[in-house]
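Chemist: Below are the chains, spelled out letter by letter.
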Amino acid sequence: MATMVESKTSSKIQFQRAVSENSLVLTIWGVVLIMMIVASIVSPDFRSTGNMINLLKQATIPGILAIAQTILILSGAIDLSMGAVVTFTSLITAGLMDSREELVLPIVVLGLFIGTGIGFIHGLLTTRARLEPFIVTLGTYSIILGIGYWYTTVPVGGIASSLSANLYYGQLGPIPKPIFYFVGIFILAYIMLNYTRFGRSLYAVGGKPEVARKSGLNVDRIKLLRFTLAGFLVAIASVIATARMGIGDPLAGQGMELDAITATVIGGISLYGGRGSLIGTLAGILILGLINNIMVMLDVNMFYQQLIKGTIVLLAVAIYKQRN
Amino acid sequence: MSDDALELENISKTFPGVRALDNISFRCTVGEIHALVGENGAGKSTLINIIAGVMPPDHGSGSMRVFGKEVKFRSPAEAQRAGIGVIYQEFNLLPWLTVAENILVSQLPVNKLGLVSRRKMAEAARGPLSTLGMPIDLTLKVIDLSVAEQQVVEIAKALSLNARIMIMDEPSAVLAGHELENLFNVLRALKAQGITVVYISHRLDEIFEIADRATVLKDGKVMGTLTIKEADKSTLIRMMIGRSLEDTFPGSKNQVGEAVMTCRNLNSGKKVRNISFELHKGEILGVAGLVGNGQAELARTLFGIDQIDAGEIIIDGKHIKSLDPQTAVDIGIGLVPEDRKTQGLVLSLSIRKNITMPILGNLTRMGMIDNQRETGIVNQQVEALEIKTHNLDQEVQNLSGGNQQKVVLAKWLSTQPKVIILDEPTRGIDVGTKMEMYNIMRSLAEKGTGILMISSELPEILGMSDRILVMRDGAIAGELSKDEATEESILRLAIGEE
Chain A
0 MATMVESKTS SKIQFQRAVS ENSLVLTIWG VVLIMMIVAS IVSPDFRSTG NMINLLKQAT
60 IPGILAIAQT ILILSGAIDL SMGAVVTFTS LITAGLMDSR EELVLPIVVL GLFIGTGIGF
120 IHGLLTTRAR LEPFIVTLGT YSIILGIGYW YTTVPVGGIA SSLSANLYYG QLGPIPKPIF
180 YFVGIFILAY IMLNYTRFGR SLYAVGGKPE VARKSGLNVD RIKLLRFTLA GFLVAIASVI
240 ATARMGIGDP LAGQGMELDA ITATVIGGIS LYGGRGSLIG TLAGILILGL INNIMVMLDV
300 NMFYQQLIKG TIVLLAVAIY KQRN
Chain B
0 MSDDALELEN ISKTFPGVRA LDNISFRCTV GEIHALVGEN GAGKSTLINI IAGVMPPDHG
60 SGSMRVFGKE VKFRSPAEAQ RAGIGVIYQE FNLLPWLTVA ENILVSQLPV NKLGLVSRRK
120 MAEAARGPLS TLGMPIDLTL KVIDLSVAEQ QVVEIAKALS LNARIMIMDE PSAVLAGHEL
180 ENLFNVLRAL KAQGITVVYI SHRLDEIFEI ADRATVLKDG KVMGTLTIKE ADKSTLIRMM
240 IGRSLEDTFP GSKNQVGEAV MTCRNLNSGK KVRNISFELH KGEILGVAGL VGNGQAELAR
300 TLFGIDQIDA GEIIIDGKHI KSLDPQTAVD IGIGLVPEDR KTQGLVLSLS IRKNITMPIL
360 GNLTRMGMID NQRETGIVNQ QVEALEIKTH NLDQEVQNLS GGNQQKVVLA KWLSTQPKVI
420 ILDEPTRGID VGTKMEMYNI MRSLAEKGTG ILMISSELPE ILGMSDRILV MRDGAIAGEL
480 SKDEATEESI LRLAIGEE
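First to last, the sequence lines map onto chains A and B. Heads up, the first sequence stops at 323 in numbering that gives the first Met the number 0, and the numbers go up one at a time, no gaps. Heads up, the second sequence stops at 497 in numbering that gives the first Met the number 0, and the numbers go up one at a time, no gaps.
Only chain B is shown next, with the shape it has when bound in the complex (with noise of 0.2 Å):
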């Protein structure tokens, strides 16, 4: 018992319509890394909010220990107190501040009148930085430090607050490949001082290289956990889906007709490269891929927010070689973005003015729009998703997460587009309404809508998509039939795992 460092018995944390952690029991011995591993959607993000004081688990759900003392954050203040030290994706850094002031940010080493005191600063700064091994000159702006070296000073910063825990979710995501061996020797850096390590990541190759021990999350259960050095990495894969594809799609009854959009050789910044496919009417074509592999940026470069660089779009047989949002609308193409509230909707806006933005123009006369017509679109659409709501003037903010889903599909579909593209469209919604979408996206496509449909919820893609085209470094690894798709096969060619 003694040399567990964190100890978590039957936790359980729901959210509405959600069973994110179901009876998780999770333990991490002192001075291991220990990987958390599982699909999007799996519950690593609620698990980490727990431990670090983010939210609190279920009331009267299970037990957590740190270093064999029982606790119950309150705040993330407390958990740091409790030698809990977190790297998220975004770091927590000031950036016009320097290396030393962003490390010691909270604890400002004094001189005698009380003024900040440099070389006191320097001396503090510094110690944690040698523990990592990795030399950044004190004096530097954060601002001024590349990705990688910033990463190192978030968890300097940890270090300077007596981080005996280091949780750090997907911490190579970020980085460039050639940054990858310093994260590994400051994860081994950690090791040597006794701190342990919860390392969250997708790459197997990675877990493989550095960790001790693998614990497999999936829908929100703990499949288990492996030693590293006795597992390979088919068994792990198959911890990570072996789900049995529940028996909540639609069933597709649809006759795929001629292409209505074909991409050729796309080419747009660094993630989307040489993409090449074609959209049939009535197709729900999905694209699957771990998150960030390029998929939300093959949506912004088809709608016309990322800029075209080589390649073309073809739609109504028009060669399409440069595009805005503007002429996107025009030409039937609509996107229901990623993150609806900030790029889907004016959440300061009621429901009648969020749904015809794009139209506006076909409800002028005159300059004046005709009310009659718009309440007559705007009605018709939320009774065909159904969206819940007393008032068509109501503010979008004060709706549910899956109505205000609902209200982006609607202003889309309100401009009848030939082509349209769902990112991730049921992430944070609940079940219920997932179902929903789904028979919704059926019958668009059976009306001859052609659907890109991306999404890194694999029993989605499997259950919708009529065809699969799978993404890794913003290219194309392959292109799966239906009956080819199996999550295996998807993860593999999403992985790069032959």
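This is chain A alone, in the form it adopts within the complex (with noise of 0.2 Å):
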């Protein structure tokens, strides 16, 4: 776009400009409208509230992860081991638990210190032994799993009936809590990356990291940082999905870390790091859900689902490529 003489600017091109310098995050909502409408024509059930509510309750456990995913790969990381997180937290909880209501607290707990505390070892070696996030996150994702099945392979133990009830299946007025959850977390995460100083280094770091490491930023301890806090949401995601199940279970988080990347990648964030909006995350997010929604309503296999995921990953990928 041509610089422009400053001194008359009218309120349409400024409208202009906003238009084409977000270009990537309003063409992928323009998709998940599309979707929408489509949906609504096809399934006229696909409107109804009930639907909508149904709709983003779903998208709250991949929705959490996909905000986590969001955050490391904006700064220059990745984490795969997101579903083995998912998947160990919920078997040790479980199994420990046994539905005994007196062990709520300390199993929610430990539920949150798993995830968070595997975060903080993901920044540690890829800080201190300075590893690739990838290579390190393929490992703890196949130690994780490794322990989990050592400990069990066949669905074991019972979250509290409470716990569930409270945490997942519980309503506050018309909405499911979930929805609270997400929406909560997408807030805060929203403004961490756009308002707060934390969340401007994460974007430098994953633009630049020696551009930032030359102005002045701790770039090790964002790098520390991150990976903690993506694991804290991990493990919130995980503690709901167990509450979710009610007992643990070797599949609990099964590809998980996956949908994460996908959304993400379909909202526009750049591999490379350093570039995207976590709005665009959301419509990722949406679209995998609207997928996910529309195809059970029309009662449509669920192997056309990944056939369609992967191609909208695809589309959007070189759409995107083709915008810079």
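Hints are computed from structural coordinates only; laboratory data are not their basis. Do not rely on the hints blindly, as some may be mistaken.
[As the list claims (entries may be wrong)] No more than 27 Å apart at the CA atoms, straight line, and that leaves these computed lysine-lysine pairs for DSS-like:
1. B:269 <-> B:71
2. A:11 <-> B:387
3. B:481 <-> B:280
4. B:270 <-> B:320
5. B:340 <-> A:320
6. B:340 <-> B:269
[To be verified] Chain B is nowhere near these chain A residues, computed Cβ spacing over 12 Å in every case:
7. 12
8. 34
9. 52
10. 112
11. 123
12. 127
13. 166
14. 178
15. 217
16. 301
17. 317
Don't be surprised by glycine CBs; every beta carbon is placed ideally from N, CA and C.
Bring the two chains, given one by one in their own frames, into a single complex with the hints.
Modeler: Right, here's the structure in full:
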């Protein structure tokens, strides 16, 4: 876009600029809108308030993971171990709890501790040992699952019913509780990324760690913190997922890390880091949720879901390539 | 005519705002070693790029002939087919492949099954290496070779592609002293094969030892061609610098104050050796020298990127013996690095986010960035430096080179540094912006900032500096006052010519 003389900036020009500078995010939200319109036409049930609430509720766990993944990818990292952490947390907490009501608090704390601790370890391995995030989390993915399956390979234990009821199945007014977690975490993450020093530093580190360091930022500390924070979000998602299942499920988190990456990529976050917006990721999460929702409505075979997901990823990335 | 290997007539090349080559005519006879000399920015690299087919000359300007045949290269591959080989300073080798595989990379010989034949490969690769008189084990991986050996592999690769004209861009710059003789032997071997060599170098000693003729480039023009046997060094130096210093630099009215930064016997790695100097308030201290003599490393050391091995920096009465960039920013040092794209800016981020990166700490209240104050500071810098943009949130990658350089400068000015280090502050920016940069530097100095300006452009050094340090081999070869300094006195110190 050409530089223009500032003297007469009409609101029309401002609007055009806003559109052209945010064209990526607008495009992706356009896709969300189109999907919703098409779905409303094909299936009247889709429009129902109940279905909309359900859509959001189901987006909670993948959504929180995608937010964590966005924080990491934006800052030049990635986490392949998320699904393994969800599974591991589910097995250990449900196994230890064995449906005992008196263990609710310690088990929730333990669940949060597992994911956060693993995130912290990722941070240490990537900063102290200078290993690549991809390699580190590929390794921990396997180790965590290994330990989990060593503990059990079949569904195990149980979550106290009060925990499941309060955490996942409860409602505040007409709205299921998980939606509040999702929306709350999204708003906090959005503020963090856009209005805080830490958020700004994440973009800088993801864009060019050398320059960030030469600008006086403590790059190693930022890298350690981002993994710990992402680990905490994964921990929250793990505890919610466990509450939802009610038992320790060896397949609880299967493939979740990939869905989180998919949503992030569809949302226009550059895998090279430093560029993208959480608003895009939100669209990515909704698109994945919509595919699922529409397919279920239309009673289409699950295999098509995979096919469509993959196609959308490739299309999205191809479009983004053109724009940059 | 027929014994000319390479002939350029009236070739020009214009970049936005710069005429890099101005009616260049240049010819090399078959089998000669022809040196191409000139200061940084004289146009040597552009000339090589045109000969090598990397970029075309200006449309309709002049002509180029290779062995008498008129050529218009559209790609490096075409130049290669016409018999031109280029040895750049950065080698184009595949480090994990063997010597033989590298030499034959684009023409690997195959056997009847269509598989790569090791036997044929060894035969084919041995040819060019023995031509050069350099026996290198063909089965070694390139990564295990010395730089000098890698250079030989690069030359052998060009030979295997039937290069008849070999263009070498400062081949000696990457070599250690004792490796130089080997390079000369290689050059003589090439000459014996009737291959024409265009040899680019700063180092006059080398040119007098190996070249048959030398062409001097300056400000994009050919100053003349000398036959080395009949020339002497001072003639060559005079041709290289004989420019009238244009009256383009803002005059210095500086009141130089007390020392703001003092270095004592600073050492870092191999390229910063025993550096001592004082930088005063309001002073522009120029650091001159030929490229690669430790200037960039000095900047890195002063900003805490490279570690201080010995010696100290004194700033504000604090004796600093070890430094990291974070501390450097805190104590009031700023660095505008040489390569702004890779070291100075995060291209994917906006003007705003780049400028305030070093001062986020000051802009933050309870973890939140004070948006209004940030906008105020950024606006102030954008206006003061006249950065041309419609929007503070524009990504810096969409800005022109000159504006990018201003953003890097704005970033450091926002920290209100006591000392600012400028490494090649005007490289690659157009003349107009250069003038603006000079004015900005002057007014900064007048406000009391100490400026350390590293530059390989002598006019800039002479025009801007209140005092000049000349570096050679990582040490300070001499200090010149503004009155003593001439292009000749600086070049003599830089080259080591007494």
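Chemist: Determine for every hint whether it applies to the structure shown.
Modeler: Comparing the hints with the structure gives:
1. B:269 <-> B:71: 44 Å, violated
2. A:11 <-> B:387: Roughly 21 Å separates the two Cα atoms, so the pair holds.
3. B:481 <-> B:280: 17 Å, holds
4. B:270 <-> B:320: 18 Å, holds
5. B:340 <-> A:320: Between residue 340 of chain B and residue 320 of chain A the Cα gap is close to 21 Å, so the pair holds against 27 Å.
6. B:340 <-> B:269: Holds, at roughly 26 Å.
7. 12: Violated: least Cβ distance 9 Å, not greater than 12 Å.
8. 34: 29 Å, holds
9. 52: Answer for residue 52 of chain A: holds, closest chain B Cβ roughly 32 Å.
10. 112: For residue 112 of chain A, whose nearest Cβ neighbour in chain B is about 24 Å away, the distance exceeds 12 Å, so it holds.
11. 123: The claim holds: residue 123 of chain A sits with its nearest Cβ about 20 Å from chain B, beyond 12 Å.
12. 127: Per Cβ check, residue 127 of chain A is outside 12 Å of chain B; nearest 17 Å; holds.
13. 166: 28 Å, holds
14. 178: 26 Å, holds
15. 217: 6 Å, violated
16. 301: Non-interface label on residue 301 of chain A holds, nearest chain B Cβ at 37 Å vs cutoff 12 Å.
17. 317: 19 Å, holds
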